[in-house]
Amino acid sequence: MGRKDVRDSEQQGTTTESAEAGKENRAPLHKPQDGCTQTHRTESMSIKKEQCEECVKLNEQIVSLKNHVKTLQSSDQAPNDQKNERMEKELTEKCAIQKAIGAKLQKELVEARSKNDELRKALHVLDEQCDKLMVIFIAHCEISLRNY
Numbered sequence: 001m002g003r004k005d006v007r008d009s010e011q012q013g014t015t016t017e018s019a020e021a022g023k024e025n026r027a028p029l030h031k032p033q034d035g036c037t038q039t040h041r042t043e044s045m046s047i048k049k050e051q052c053e054e055c056v057k058l059n060e061q062i063v064s065l066k067n068h069v070k071t072l073q074s075s076d077q078a079p080n081d082q083k084n085e086r087m088e089k090e091l092t093e094k095c096a097i098q099k100a101i102g103a104k105l106q107k108e109l110v111e112a113r114s115k116n117d118e119l120r121k122a123l124h125v126l127d128e129q130c131d132k133l134m135v136i137f138i139a140h141c142e143i144s145l146r147n148y
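Numbering follows UniProt numbering, with no gaps: position 94 of the sequence shown is 94.
Honestly, the hints are just simulated from the structure, not real lab data.
Just so we're clear, the structure is a prediction, and the values are computed from it rather than from any experiment.
The hints are all genuine.
Result set (DSSO-like, lysine-lysine): computed pairs, CA atoms no more than 27 Å apart in a straight line:
(1) K94 to K104
(2) K132 to K115
(3) K66 to K83
(4) K107 to K121
(5) K89 to K104
(6) K94 to K107
(7) K132 to K121
(8) K99 to K115
(9) K83 to K94
(10) K89 to K99
Work the whole structure out from these sequences, hints included.
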């Protein structure tokens, strides 16, 4: 037997072992002991689950607890919804007040700018009149000094 023959026989042995392992896999997945869930394989390879009374009761308790949690969550949300609505109303009122104050301040700012422009014009007129009076005063002083 050469190396090739040894390899071929090893591969055939491995293939035979795999086939035997495959046959073993066809055995029931779970041998029923005292467990609550029993699985049986039929010839068509379908799995059938049977639940014991304790599992049924536990599943009912789980469903009941889930429903209770949902109820608690919805009841917790009701006060939160009312609180959120109240806060939204308060914030809306505060926002309206701030908008009114902003509009009033804007109006006062426009009026103040208008008055500022009027005062600036009046100051400019007074400044021009002051310059004219200074020219007249200086001319009068020069005339008085010549006559003295």
